[in-house]
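Sequence lines, in order, name chains U and B.
Under our numbering, the first residue of the first sequence is numbered -12, with each subsequent residue one higher.
Under our numbering, the first residue of the second sequence is numbered 6, with each subsequent residue one higher.
Since the hints were made in silico from the structure, they are not lab data.
On a predicted model such as this, the values are computed, not experimentally measured, just so you know.
Be aware that a few hints might be false.
One-sided excerpt, in silico: chain U residues whose CB lies under 7 angstroms from chain B [stated by the list, open to error]: (1) Ser(-6); (2) Gly50; (3) Tyr51.
Computed footprint of chain B on chain U, listed as stretches where at least three residues anywhere in the stretch have a Cβ under 8 angstroms from a Cβ of chain B [said to hold, decoys possible]: (4) 55 to 61; (5) 76 to 83.
On the chain B side, residues computed to face chain U include the following (Cβ under 10 angstroms) [to be verified]: (6) Arg6; (7) Glu8; (8) Pro13; (9) Val24; (10) Phe39; (11) Gln43; (12) Lys47; (13) Ser58; (14) Lys84; (15) Leu85; (16) Ser86; (17) Ser88; (18) Ile105; (19) Ala108; (20) Ala113.
Using N, Cα and C, we set each Cβ at its ideal position, and we do this for glycine too.
The chain contents come next:
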Amino acid sequence: DVKVTQSSRYLVKRTGEKVFLECVQDMDHENMFWYRQDPGLGLRLIYFSYDVKMKEKGDIPEGYSVSREKKERFSLILESASTNQTSMYLCASKATAGTVRTEAFFGQGTRLTVV
Amino acid sequence: RKEVEQDPGPFNVPEGATVAFNCTYSNSASQSFFWYRQDCRKEPKLLMSVYSSGNEDGRFTAQLNRASQYISLLIRDSKLSDSATYLCVVNSNSGYNKLIFGAGTRLAVHP
Chain U
-12 DVKVTQSSRY
-2 LVKRTGEKVF
8 LECVQDMDHE
18 NMFWYRQDPG
28 LGLRLIYFSY
38 DVKMKEKGDI
48 PEGYSVSREK
58 KERFSLILES
68 ASTNQTSMYL
78 CASKATAGTV
88 RTEAFFGQGT
98 RLTVV
Chain B
6 RKEVEQDPGP
16 FNVPEGATVA
26 FNCTYSNSAS
36 QSFFWYRQDC
46 RKEPKLLMSV
56 YSSGNEDGRF
66 TAQLNRASQY
76 ISLLIRDSKL
86 SDSATYLCVV
96 NSNSGYNKLI
106 FGAGTRLAVH
116 P
């Protein structure tokens, strides 16, 4: 089974702190994604990566950056956390495999609270 | 306009009912479509992929209408355990396998 693991289930950080959210997948997937999920807004794409060291902005990249130095790991960085970044963060990975008909697998989510 | 739009719900139905969800997408070049299920405080999990010819998995039937750019999910004989949020997902044809999620439709099945 594919496993996508996020480093923390719950995090509480202070405004202005630099925050790192880590995600690791064990299925050699090319594509990895970071979403945030807020009530009534669904999942919104922050950044995604389709290969090592490659990244693309999603719909709401402001205030975030990412790093993909190794294929299995995709990190989301909040450069200076703000209270409006309090949210559930979900990491996902999926294969390319020559077809777009591949499902995405999600980590268990990190509930981040910025105080 | 959002790329993927869903019925907002919530849908409150009795056990045994048939319920249908619709989803529309704006990018006509989209290639792949999925329904995910998300339980409260859990991560989304794939329910089923949606193929052009339509597909069925037990009590669940998914349909795709490319001309009208909508996807549907039909649940027959609803069970209490079907209570969840159902997410419509479209694979954007950007060349990067970018997945776009709808906001989700909440289903509550009651006895």
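These are the hints, each one checked on the structure:
1. Ser(-6): Violated: closest Cβ of chain B sits about 15 angstroms from Ser(-6) (chain U), beyond 7 angstroms.
2. Gly50: violated, 20 angstroms
3. Tyr51: violated, 16 angstroms
4. 55 to 61: violated (count 0)
5. 76 to 83: holds (count 4)
6. Arg6: With a closest approach of 13 angstroms, the Arg6 (chain B) hint is violated.
7. Glu8: holds, 9 angstroms
8. Pro13: It holds, given that the least Cβ distance between Pro13 (chain B) and chain U is near 8 angstroms, below 10 angstroms.
9. Val24: violated, 19 angstroms
10. Phe39: holds, 6 angstroms
11. Gln43: holds, 9 angstroms
12. Lys47: For Lys47 (chain B), the interface hint holds, since the closest Cβ of chain U sits about 8 angstroms away, which is under 10 angstroms.
13. Ser58: violated, 13 angstroms
14. Lys84: With a closest approach of 23 angstroms, the Lys84 (chain B) hint is violated.
15. Leu85: violated, 23 angstroms
16. Ser86: violated, 20 angstroms
17. Ser88: Hint violated; Ser88 (chain B) Cβ to chain U Cβ min 17 angstroms, cut 10 angstroms.
18. Ile105: holds, 7 angstroms
19. Ala108: Holds - the Cβ of Ala108 (chain B) comes within 10 angstroms of chain U, reaching about 3 angstroms at its closest.
20. Ala113: violated, 16 angstroms
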